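Next come the chains, spelled out residue by residue.
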Amino acid sequence: MRKMKQSRRMIFGGMILSGTMALLALLSAVWTPYSPTAMSGAEKFAPPSWAHWFGTDQFGRDIFSRVMCGMGTTFFIALGTVLIGALIGILIGAVTGYFGGWIDEALMRLNDALTAFPSILLALVFIALLGFGKYNVILALGVAFIPSYARVVRTEFARHREMTYVRSARLMGASHGRIMLRHILPNTTRVLLPALVIGFNNAVLAEAGMSYLGIGVKAPDVSLGYMLSESQGYMMTAPWYVLCTGAVIVLLILGVSLIGEGLQERRGQ
Amino acid sequence: MRYTAKKLAMMLLTMVIVSFLAFLAFQIIPGDPTVRLLGTDATAESVALLRAELGLDRPFFVRYAAWMQGALQGDFGRSYSYAMPVSELLAGKIGITALLTAVSFLLIVTISLPAGILLCVREHPRLDRAADAVNQLIMAIPPFFTGILMTLVFGLMLRWFVPGSFVSPSEDFWRSAAYLVFPALAIALPRIAMTVKMLRASVRGELTKDYVRTAYSRGNSRWQALCHHVLRNAVVPTVAFLAMTAADLVAGSVVIEQVFSVPGLGRLLLTSIANRDFPVVQAIVVILALWVVLVNGAADLLNQRLDPRLRLS
Numbered sequence: 001m002r003k004m005k006q007s008r009r010m011i012f013g014g015m016i017l018s019g020t021m022a023l024l025a026l027l028s029a030v031w032t033p034y035s036p037t038a039m040s041g042a043e044k045f046a047p048p049s050w051a052h053w054f055g056t057d058q059f060g061r062d063i064f065s066r067v068m069c070g071m072g073t074t075f076f077i078a079l080g081t082v083l084i085g086a087l088i089g090i091l092i093g094a095v096t097g098y099f100g101g102w103i104d105e106a107l108m109r110l111n112d113a114l115t116a117f118p119s120i121l122l123a124l125v126f127i128a129l130l131g132f133g134k135y136n137v138i139l140a141l142g143v144a145f146i147p148s149y150a151r152v153v154r155t156e157f158a159r160h161r162e163m164t165y166v167r168s169a170r171l172m173g174a175s176h177g178r179i180m181l182r183h184i185l186p187n188t189t190r191v192l193l194p195a196l197v198i199g200f201n202n203a204v205l206a207e208a209g210m211s212y213l214g215i216g217v218k219a220p221d222v223s224l225g226y227m228l229s230e231s232q233g234y235m236m237t238a239p240w241y242v243l244c245t246g247a248v249i250v251l252l253i254l255g256v257s258l259i260g261e262g263l264q265e266r267r268g269q
Numbered sequence: 001m002r003y004t005a006k007k008l009a010m011m012l013l014t015m016v017i018v019s020f021l022a023f024l025a026f027q028i029i030p031g032d033p034t035v036r037l038l039g040t041d042a043t044a045e046s047v048a049l050l051r052a053e054l055g056l057d058r059p060f061f062v063r064y065a066a067w068m069q070g071a072l073q074g075d076f077g078r079s080y081s082y083a084m085p086v087s088e089l090l091a092g093k094i095g096i097t098a099l100l101t102a103v104s105f106l107l108i109v110t111i112s113l114p115a116g117i118l119l120c121v122r123e124h125p126r127l128d129r130a131a132d133a134v135n136q137l138i139m140a141i142p143p144f145f146t147g148i149l150m151t152l153v154f155g156l157m158l159r160w161f162v163p164g165s166f167v168s169p170s171e172d173f174w175r176s177a178a179y180l181v182f183p184a185l186a187i188a189l190p191r192i193a194m195t196v197k198m199l200r201a202s203v204r205g206e207l208t209k210d211y212v213r214t215a216y217s218r219g220n221s222r223w224q225a226l227c228h229h230v231l232r233n234a235v236v237p238t239v240a241f242l243a244m245t246a247a248d249l250v251a252g253s254v255v256i257e258q259v260f261s262v263p264g265l266g267r268l269l270l271t272s273i274a275n276r277d278f279p280v281v282q283a284i285v286v287i288l289a290l291w292v293v294l295v296n297g298a299a300d301l302l303n304q305r306l307d308p309r310l311r312l313s
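Heads up: the sequence lines are chains A and B, in that order.
Numbering-wise, the working numbering puts 116 at position 116 of the first sequence, and it's gapless, one number per residue.
Numbering-wise, the working numbering puts 302 at position 302 of the second sequence, and it's gapless, one number per residue.
A few of these clues could be false.
To be verified - Output of the computed footprint for chain B on chain A, the stretches with three or more beta carbons under 8 angstroms from beta carbons of chain B: (1) 47 to 59; (2) 83 to 93; (3) 195 to 209; (4) 237 to 250; (5) 257 to 264.
No lab work stands behind these hints, which were simulated from the structure alone.
Note that the coordinates shown come from a computational prediction; the quantities given were computed from them, not determined experimentally.
All residues carry an ideal CB built from backbone N, CA and C; glycine is no exception.
Build the full structure now, drawing on both the sequences and the hints.
Written out as structure tokens, the structure is:
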């Protein structure tokens, strides 16, 4: 009972935190306090003030506005990544788990080989193949995330395959496709939902990491990771640059991970 | 025994698939390395000559077989951009990355296991909740941000090390410690939090089991029940998790090496990707994958040792 309350509190807190961030990110598409690219020689490295909440950077650009845009980029990439990874992963996992047989064996061997790579390494290789940029990051990370979703979904489908309700549905003449989509898939949400949220989190982390390494998003797109690597050069002159940018990344991850943890804890009961 | 043999065969198969994928991936990319090496206005003859020299004119499977044969003997071909054998290029870097990974794994084990066990000895609702909150926060801080903060505080402000430079242990052991411990800690911190959380969850799960009540009824204290009965069972998933972590640390070190300017495999990988120096990228990818497969395999075998039930499946 106490656990139930705690998990609900975690999900609630995470929702508020992520919701605020998401709203700010959405808002950045239409409005930011200043233009994220407007430079101002007079206001180079202005410390945080009422005019510039997070201060300004080496070109006098408003850091708060840039952080808002950066969150937008991050949300966009993370959503795209999860979408690609989950859709293809679910498809592969469902088919292999449901039908089994040698295709299942072969695909799972391939899956094992791919999960042997930490996903950021896999994404690095894909970026090396595709080149930089927002859409390539989505593609690289999305593909890198497929194996983990395929595995989770496969286990669930293999478990449900032999259950009575699936057999009854089969006896009643339901097609394989219908059973997979209408009967088994809804039963996997308890496992799938936390996996999706955690995947989103990993995507945020990976995107920030890649942009930090300079192999992710490229200008004119603003990215939190890239801002962080830029701010590293001015840590002593403008500590607010690195601290504000980093804090936003931490809050972003914290919010989503609270939701993920809460969901997972709820599943455990 | 049969299990071990099967496991080894699986690992070998996985390695073959990985090496094949790594090789294939760098064959199908657009962008001919000869263009990079000779420039766009090279004559057709010189391009053909270089392609023959690099072996690019041979059919795919012949090149794969030749490359595999070389790789097994430690020969990964020549780097395009450094004009030296890849193996020589890697030699100095592997040690640094391995050391960084080892230090960080050591930190994880020596911090997380005692901390996790100590937090389980007695139930303090307040302390538990505080520990949960701290754990949650630490897990949310990306290692590269921790690393940046560390360079700010310990490098720029306290001057325990000079950001942007590196001292290797062979030069000066004690000075190099500062250059290794901070990056290792940056990688380790979120993992420590995860391990503590994992260990506590599995201890809590075990504590509700019947055998614990039996142990109590025979007069065991909580500490005795924990040491003699619970931990043996609770530690199994944690060991599995730690082994997985050991495999993941390599990826963490790729990013952290950049933050602290550690001249390891990760930095070489990044510059090689930027330079489209495929033989180097291929070699690093295969070496890292080999490491991951080996560690995962060892983890499975260890797990199976610890938990005899797993031997049946």
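Quick rundown of the hints versus the structure:
1. Check result for the stretch 47 to 59 of chain A against chain B: violated, 0 residues qualifying (beta carbon to beta carbon below 8 angstroms, three or more required).
2. With 0 residues having a beta carbon nearer than 8 angstroms to a beta carbon of chain B, the stretch 83 to 93 of chain A misses the requirement of three or more and the stated coverage is violated.
3. Chain B is given as covering the stretch 195 to 209 of chain A, and this holds because 3 residues of the stretch bring a CB closer than 8 angstroms to a CB of that chain, at least three being needed.
4. Counting residues of the stretch 237 to 250 of chain A whose C-beta lies closer than 8 angstroms to any C-beta of chain B gives 5; at least three are required, and the coverage claim holds.
5. Counting residues of the stretch 257 to 264 of chain A whose C-beta sits closer than 8 angstroms to any C-beta of chain B gives 3, which meets the bar of three, so the coverage hint holds.
Hint check: violations occur at hints 1, 2; the rest are consistent with the structure.
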